[in-house]
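K.L.:
For the record, the sequence lines run as chains A and E.
Quick note on the working numbering: the first sequence kicks off at 1 and runs consecutively.
Quick note on the working numbering: the second sequence kicks off at 1 and runs consecutively.
Don't take each hint at face value.
[Claimed, not checked] Heads up, simulated DSS-like pairs for lysine-lysine below, C-alpha to C-alpha not over 25 Å straight-line:
1. E:274 / E:296
2. E:130 / A:21
3. A:21 / E:106
[Stated by the list, open to error] Take a look, some chain E residues computed to stay more than 10 Å from chain A by CB distance:
4. 21
5. 273
6. 295
No lab work stands behind these hints, which were simulated from the structure alone.
Beta carbons are placed, not taken as given, at the ideal position from N, Cα and C, and that holds for glycine.
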Amino acid sequence: MRSLKHFALLFNKIYLARLGKDFSLPLVNQLFQITGSFCFFVLHLYAFGLLINKFSFPGWSRPEMWVLLFTFEIFTYGAFYLFWRGFNHTVIDINSGAFDLILAKPITSRFLSFFRGGGLHNIICSFFGFICLGVAIVSFQIPVTILTIFLFLIFLSSSLWIMFCVGVSFISLNLKYGRLNSTIGAVFQVQEAYKYPSTAYHKFNLMIWIILSSLSLLTTLPALVLLSKPLDPKLIALYISFFIVSTYISRFAWNTGLRYYSSASS
Amino acid sequence: MSIIEVKNLKKFYKVHQKEPGLSGSVRSLFHRKYNDVKAVDNVSFQIGEGELIGFIGPNGAGKTTTLKVLSGLLYPTSGEVSVLGYTPWDRKPAFQKQFSLVMGQKNQLWWDLPAMESFILNKEIYEVPKDQYQKTLDELVDLLEVKDFLKIQVRKLSLGQRMKMELIAALIHSPKILFLDEPTIGLDVVMQKKMRDFIKEYNRRYNATIILTSHYMDDVKELCERVIIIDKGRVIFDGKLDQIIKKYANHKLLTIVLSKKIDETKLKTIGVVKEYEYPKAVVSVKRSETSVAAAKLLKDFPVADLNIEEPSIEDIIREVFTGEDVA
Chain A
1 MRSLKHFALL
11 FNKIYLARLG
21 KDFSLPLVNQ
31 LFQITGSFCF
41 FVLHLYAFGL
51 LINKFSFPGW
61 SRPEMWVLLF
71 TFEIFTYGAF
81 YLFWRGFNHT
91 VIDINSGAFD
101 LILAKPITSR
111 FLSFFRGGGL
121 HNIICSFFGF
131 ICLGVAIVSF
141 QIPVTILTIF
151 LFLIFLSSSL
161 WIMFCVGVSF
171 ISLNLKYGRL
181 NSTIGAVFQV
191 QEAYKYPSTA
201 YHKFNLMIWI
211 ILSSLSLLTT
221 LPALVLLSKP
231 LDPKLIALYI
241 SFFIVSTYIS
251 RFAWNTGLRY
261 YSSASS
Chain E
1 MSIIEVKNLK
11 KFYKVHQKEP
21 GLSGSVRSLF
31 HRKYNDVKAV
41 DNVSFQIGEG
51 ELIGFIGPNG
61 AGKTTTLKVL
71 SGLLYPTSGE
81 VSVLGYTPWD
91 RKPAFQKQFS
101 LVMGQKNQLW
111 WDLPAMESFI
121 LNKEIYEVPK
131 DQYQKTLDEL
141 VDLLEVKDFL
151 KIQVRKLSLG
161 QRMKMELIAA
171 LIHSPKILFL
181 DEPTIGLDVV
191 MQKKMRDFIK
201 EYNRRYNATI
211 ILTSHYMDDV
221 KELCERVIII
231 DKGRVIFDGK
241 LDQIIKKYAN
251 HKLLTIVLSK
261 KIDETKLKTI
271 GVVKEYEYPK
281 AVVSVKRSET
291 SVAAAKLLKD
301 FPVADLNIEE
311 PSIEDIIREV
321 FTGEDVA
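All chains should be built: construct the whole structure from the sequences, respecting the hints.
P.N.:
As structure tokens, then:
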């Protein structure tokens, strides 16, 4: 409990300090970032609207697809805010040797490496996502309760944790093999898989279905819970397995990678 | 009682060797060549509480690798290490809260924020109680004279000011052991002196054990009573600084001021002429032959003044590193 409190306090300090740093930069920097993110957000909505007008996904109506899209936006920008800087900088630090100073600190290196604060524009876009989700719920008269909202947030948080574990597993390879720039991109390229509902992949063979569905559940499951749609036990089992396996693999990969870490020359 | 014990420490690496050019890169994709590097090869030593040790050696000798093993950053290939009773690479928080690592060429401060923000973060990471943090901070700020720079962005500070802030960040949790890896590198001579004074004072005031690596002999001469010399991964000397002179300096330097100009070849009959620009000459002679050489100089040469000196520590260390004779 004390440990959780300590992490929460540190998390708060780090992210507030990072926000403080963003605010200390010229205002034009913030305006550029927010404008760029907002334009991307709006274009994304527009393109998605065209897509769902043309195609349908089994078991998902158009309003439900909008809910899924906004869940995707909240999740993606949330992940960017929480982890993007950490993933990028950890790879750089491992190769420059600056990672030494993280490793020497009396706190788990996974925390200090990957939780380094996020950009203001990401949190703003995540907030837009919540606003749009609220508008969609009201516009399409989707019945939600306190329980469904609570479960939505729980599953969203679990999905973020799974995303974090997937990222750590990829980035851990840098500890042994040196600079693998592809690992950063790979972590976020998987977002294409969770943009669509899991039913989109029913035509693939079992192996591909497992991989793609597992990823798609990162957003599908929170959306399903919010929409009070019936949950397929197979998908629940897949999600829980993904949670457990990714947690274990990330821990194993990171600790194994640390044994091979050779720092950089001074 | 030793708080650092190192026994038969070895750290070997495999380093990838790549041929130059694109074809070399493509070939290395399919067939990678590796070189075995013995960064640390059977190193053993003990360090007691409160000691200030100079850990010196040429580039690539294994100094920083040894420090990194002692601070738990690297797993050794073999050997035993105990620091404050802990095995460093277990990375137990209770151990990590008791030491600090300062690397002259790397920084832990947040670049775009005032150093104060980094201190506060370190306070939380090390779980330093508020009143202890304030007391330690006030003492360090006072010792290092940086009160006016605490609220300035780190990227706007000079190198010397930044190094001082790095030291404060590293010492905010009052560590018992300090690993300083080239802390004065790149600093001007005035700032180097200030850093040395600070390190000496910190060692005296808090009885902290300090291991210092440096290429500046002034750092070692001024701070360290004991030095460990490492070369090619092996300890070649471990003892008091003045013992280096007795062990390795088998020559002495005779500095002569001549009253009349003479041919350099005549001086060569006394010993090895290190320097000759009339009226000053410096001749190196074997330690055992010093008195005979001095007597001969005074008898046969127009000497206005004669001074007999030990070779400088720098020259002796260079001789140790290169294997060349200082004479």
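K.L.:
None of the hints should be skipped; say for each whether it holds.
P.N.:
These are the hints, each one checked on the structure:
1. With a CA separation close to 18 Å, the supplied pair residue 274 of chain E and residue 296 of chain E stays within the 25 Å bound.
2. In summary, the hint linking residue 130 of chain E to residue 21 of chain A is supported, as the alpha carbons are separated by about 24 Å, within the 25 Å threshold.
3. For the given pair, residue 21 of chain A sits about 21 Å from residue 106 of chain E by alpha-carbon distance, which is consistent with the 25 Å threshold.
4. Non-interface status of residue 21 of chain E relative to chain A is upheld: no Cβ of that chain comes within 10 Å, the nearest being about 20 Å off.
5. For residue 273 of chain E, the shortest C-beta to C-beta distance to chain A comes to about 38 Å, beyond the 10 Å cut-off, and the non-interface label holds.
6. No beta-carbon of chain A comes within 10 Å of the beta-carbon of residue 295 of chain E; the shortest separation is about 49 Å.
The structure agrees with every numbered hint stated previously.
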